[in-house]
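All chains, full assembly: derive it from the sequences and hints.
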Amino acid sequence: MIKLKINGQEQSWDGDPDLPLLWFLRDEVGLTGTKFGCGQALCGACTVLVEKEAVRACITSVSDVVGREVTTIEGLHPTGDHPVQKAWRDLNVPQCGYCQAGQIMQAAALLIQNPKPSRDQIREAMAGNICRCGTYQRIENAVHLASTGV
Amino acid sequence: MNIQTNPNKLRGFERHIKVEKVKVENVSRRSILKGLGIAGGFVLAAPVMSRPAFAAYKTGADKMPHGTVVDPRVFVAIAPDGLVTIVAHRSEMGTGVRTSLPLVVAEEMGADWSRVRVQQAHGDEVKYGNQDTDGSRSTRHYLMPMRQIGASARTMLEAAAAKRWGVPATEVKAINHEVVHDATGRRIGFGDLAADAAKQSVPSIESLKLKDPKDFRYLGKGEIRIVDLRDITVGKAQYGADVRLPGMKYAVIARPPVTGGKLVSFDGTEATKVSGVEKVMEVKGWPWPSKFQPLGGVAVIARNTGAAVKGRDALKIVWDDGPNAKYESVAYRAQLEEAARKPGLIVRKEGDVDAALKGADKVIVGEYYLPHLAHVTMEPPTAVADVKGDKAEIWAPLQSPGGTREDVAKTLGIPEENVTINVTLLGGGFGRKSKCDYALEAALLSKDLGAPVKVQWTREDDVRNGFLHTVSAERIEAGLDKNGKVIAWRHRSVAPSIASTFAADTVHEAAFELGMGLVDMPFEIANIQCENPEAAAHTRIGWFRSVSNIPHAFAVQSMVAEIAHATNRDPKDTLLDLIGSPRLVNLSSVKDLWNYGEPYDSYPIDTARLRKVVELVADKGGWGRSVPKGHGLGIAVHRSFVSYIATMVEVSVDEKGKLTVPRVDTAIDCGTYVNPERIQAQIEGAAIMGLSLAKYGEITFKDGKVQQGNFDNFPVIRIDEAPLVTNVHIVPHDPDTPPSGVGEPGVPPFAPALINAIFAATGKRIRALPIGKQLET
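Residue numbers (UniProt numbering), protein chains in the order written: chain A, 1 to 150; chain B, 1 to 777.
Treat the hints as calculated values from the structure; they're not laboratory data.
Built from N, CA and C at the ideal position, the CB exists for glycine as well.
Be aware that a few hints might be false.
Straight-line Cα separation of at most 25 Å, SDA-like style, residue types lysine to any residue; simulated pairs [to be verified]:
| hint | chain 1 | residue 1 | chain 2 | residue 2 |
| --- | --- | --- | --- | --- |
| 1 | A | Lys86 | B | Trp113 |
| 2 | B | Lys273 | A | Met1 |
| 3 | B | Lys695 | A | Gln121 |
| 4 | B | Lys221 | A | Thr60 |
| 5 | B | Lys658 | A | Pro17 |
| 6 | B | Lys705 | A | Ala41 |
| 7 | B | Lys620 | B | Ser602 |
| 8 | B | Lys236 | A | Ala41 |
| 9 | B | Lys236 | A | Ser118 |
| 10 | B | Lys705 | A | Leu42 |
| 11 | B | Lys236 | A | Thr60 |
| 12 | B | Lys656 | A | Ala127 |
| 13 | B | Lys236 | A | Arg119 |
| 14 | A | Lys52 | B | Arg718 |
| 15 | B | Lys656 | A | Arg119 |
| 16 | B | Lys273 | A | Gln40 |
| 17 | B | Lys658 | A | Ser118 |
| 18 | A | Lys116 | B | Glu721 |
Covered by chain B, per the in silico footprint, the following chain A stretches (three or more residues, Cβ under 8 Å) [stated by the list, open to error]:
| hint | segment |
| --- | --- |
| 19 | 26-34 |
| 20 | 94-103 |
The structure is reproduced here in structure tokens:
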């Protein structure tokens with residue numbers, strides 16, 4: 001029996017320990033905010049926080065995160081008002097919205113590591129997250145807004 | 001079957017156009033009423049009639065399957081507490097339509113948007129009218145009907161208030177969620193009036209008074225955010241894959257690696273040993289060409305998607321690759337290019353192009369090639385189905401909820417009224433989700449298993465088993481007289497048609513493909529000939545955002561810059577010269593002119609508007625400004641989906657050939673509009689999609705199989721390669737100018753503007769996409 005801590009809550013799993021965390025979150029726990037996009041850590045749609053780092057849940061197995069704090073988009077902020085979430089809304093970032101949970105988690109991780117990233121650092125840090133609608137200009141501006149207030 | 005003359009039938013193919021009055025007797029079927037459960041509210045049991053919209057301008061809306069329904073009883077409900085519910089009957093895939101159309105209703109009825117709730121319609125075209133969310137049609141076809149619906153509801157509310165007060169209806173006015181009587185200062189909220197308003201007769205469309213545009217509170221302002229914004233940012237927005245039902249099984253399917261192939265045998269022994277796998281079973285497939293029906297294959301059923309994927313990896317399958325097993329992209333390209341060098345079916349002819357080319361002082365020839373593309377929506381195809389006996393319920397991201405309902409019914413052999421289609425948010429659409437094969441797979445599996453099933457396509461499935469954008473060779477010959485004036489234009493386009501997905505013997509582009517930038521080319525040239533040599537398809541071809549406009553506009557707009565170079569002239573001036581005088585282009589020489597299904601009177605090709613977007617983008621983008629070394633400016637314009645769009649791109653190419661895009665400017669004339677903020681977003685996104693296809697986009701085949709599978713070998717643009725800034729310039733219009741498309745038309749001019757900018761920067765003319773390594777030195 002594997003024990004996990006997700007968004008502060010204990011979860012247990014007695015199935016395949018190699019199951020990707022993504023499918024455990026989505027199909028077994030019902031935390032569907034974390035999205036499937038590629039299955040190979042190429043698009044970032046499944047990004048979650050493990051402790052303070054952005055991790056691709058699609059190539060992270062359940063057993064990899066035993067004893068570590070996992071945070072998904074649902075647990076990023078108790079009322080959904082993390083500065084990154086607010087900036088996303090202020091600048092009307094999403095179009096279809098599907099990739100945005102992963103983008104927001106990646107941006108949140110960036111601001112933990114580097115609270116005042118430069119424009120180039122934002123583009124570098126966010127380059128693992130694909131948005132097929134093409135909201136990049138607003139993503140960059142929103143991360144900047146979240147970090148600086150302007 | 002004659003596809004060329006019946007292009008309107010092609011969306012939701014074989015769905016015949018039925019604009020007829022249909023009675024809906026059974027009130028319980030109407031989800032909006034059931035969902036609201038309001039006693040005494042604005043809810044009606046009267047028969048719902050389908051009626052054509054009356055408007056200042058005509059659109060092609062009534063020619064779509066099931067036409068248009070203009071009836072407030074279908075789209076609006078008011079609860080006694082004043083909460084107004086407005087139905088969104090089109091699908092949300094990122095354009096903002098789920099917000100925009102209900103907002104139009106709210107505007108006209110005088111509702112306060114903060115007291116409006118949007119409810120997504122089921123797939124039910126008898127009730128709501130056409131729901132195909134494609135072709136950049138939603139605002140174009142529904143702006144006026146939604147205004148009329150809102151005005152109708154307002155009129156009923158005003159009549160109810162006037163009656164209660166015993167004053168003439170002309171003395172009262174609905175404003176900000178209440179009806180007021182100015183003379184006496186009396187006012188009643190919408191909630192208090194709801195029950196009485198419901199008893200009023202629905203006014204005729206002809207009698208409706210639309211709101212004076214100067215009183216608009218929301219329309220054209222761009223201040224209202226999309227209704228799903230908060231949910232999206234907190235992970236609560238529900239897409240197809242997010243639906244979970246009690247007892248639901250998770251399925252992934254191994255499909256034939258070659259389109260048209262079929263299953264010979266399989267061994268699921270190892271797969272069933274995988275932890276979490278419950279069953280391995282065959283999925284029925286349809287023979288080539290399979291339309292929107294499933295390709296068939298082997299499904300692995302599991303307790304979660306991860307187990308199903310792992311189980312699928314352990315399957316042993318023998319396939320018969322079928323008739324397309326030799327499809328190979330290098331050879332096919334040569335074949336298309338060869339065909340483009342020979343005469344083909346003439347689809348537009350003005351003057352004598354052969355004689356004019358022969359007599360020309362100079363002939364410039366451009367041969368262009370654009371490969372297959374995959375949609376790669378961020379949400380791969382997925383659907384949940386629950387089939388019980390002769391009833392089926394589907395939850396899925398669908399661009400065509402009405403067509404899906406018909407197809408599910410046909411596939412399962414049950415009556416259409418027994419099929420409930422729940423439309424979730426779409427994690428991207430781009431035309432892929434106009435084809436409901438994934439929903440049909442889920443329906444078939446659920447029926448066999450007797451349990452709810454979710455089918456999840458992996459990214460590899462999406463890239464390898466989808467409906468690809470066509471592949472094409474384009475060849476243009478331009479004949480110039482001794483003054484450098486273009487006197488002859490021959491454009492040959494060779495590409496497998498979307499119609500091949502429905503009819504195996506298809507070798508020509510359909511009228512709706514020819515009409516996307518080939519035969520409707522707007523230049524003022526004396527001798528024009530467009531030809532369409534034959535090309536047979538060897539994979540499933542489907543609609544991809546902006547469709548055939550991509551290759552056609554690429555060829556035409558590249559050629560303009562080639563002519564400019566050959567005559568040593570400015571590309572923008574050359575472009576304006578070719579467009580010629582401000583006029584409505586006479587295309588009487590084109591048989592079956594598609595014009596995006598719109599009447600030409602309402603939506604002519606107006607070269608004054610085409611010129612204007614060129615001039616606007618050149619002005620705003622600073623055409624002719626000096627740029628640093630290694631930088632270049634390119635421009636292109638294209639009319640598609642009856643909108644006019646010009647794009648100007650600044651590129652930088654360094655000494656190693658690394659391409660960056662410091663700036664993009666786009667001017668759009670889409671007639672009157674609802675939400676300029678979302679137009680801006682669509683155009684920003686179109687620049688990214690245009691850059692993706694120009695720089696990287698290529699699906700290739702070998703031995704009949706797609707050689708790519710994921711974002712590693714089918715890359716798309718990421719944030720670190722995105723334009724540093726994209727500026728969007730919208731041409732303002734009054735509400736009498738017919739609205740036109742926004743979702744798609746931003747894409748076609750981007751790639752040629754980019755390529756023209758690269759030429760300006762480097763002197764290197766790229767004629768085959770993607771750019772790939774062509775700039776590397």
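A quick look at each hint next to the structure:
1. A:Lys86 with B:Trp113: holds, 21 Å
2. B:Lys273 with A:Met1: holds, 20 Å
3. B:Lys695 with A:Gln121: Holds. Lys695 of chain B to Gln121 of chain A sits at ~23 Å (cutoff 25 Å).
4. B:Lys221 with A:Thr60: Roughly 45 Å between the alpha carbons, so the hint for Lys221 of chain B and Thr60 of chain A is violated.
5. B:Lys658 with A:Pro17: Violated. Lys658 of chain B to Pro17 of chain A sits at ~44 Å, over the 25 Å cutoff.
6. B:Lys705 with A:Ala41: holds, 24 Å
7. B:Lys620 with B:Ser602: violated, 29 Å
8. B:Lys236 with A:Ala41: Answer holds: Lys236 of chain B to Ala41 of chain A is near 23 Å, not above 25 Å.
9. B:Lys236 with A:Ser118: Between Lys236 of chain B and Ser118 of chain A the Cα gap is close to 30 Å, so the pair fails against 25 Å, i.e. violated.
10. B:Lys705 with A:Leu42: holds, 22 Å
11. B:Lys236 with A:Thr60: OK: Lys236 of chain B and Thr60 of chain A at ~23 Å, within 25 Å.
12. B:Lys656 with A:Ala127: Answer holds: Lys656 of chain B to Ala127 of chain A is near 22 Å, not above 25 Å.
13. B:Lys236 with A:Arg119: Given that 25 Å is the threshold and the Cα spacing comes to 29 Å, the pair is violated.
14. A:Lys52 with B:Arg718: Holds - the C-alpha atoms of Arg718 of chain B and Lys52 of chain A are around 24 Å apart, at most 25 Å.
15. B:Lys656 with A:Arg119: The given pair, whose Cα atoms are some 24 Å apart, holds under the 25 Å limit.
16. B:Lys273 with A:Gln40: With Cα atoms ~24 Å apart, Lys273 of chain B and Gln40 of chain A stay inside 25 Å; holds.
17. B:Lys658 with A:Ser118: At roughly 22 Å apart (the allowed maximum being 25 Å), Ser118 of chain A and Lys658 of chain B satisfy the hint.
18. A:Lys116 with B:Glu721: holds, 21 Å
19. 26-34: Since three or more residues must qualify, the claim that chain B covers the segment 26-34 of chain A holds, with 8 doing so at under 8 Å.
20. 94-103: holds (count 8)
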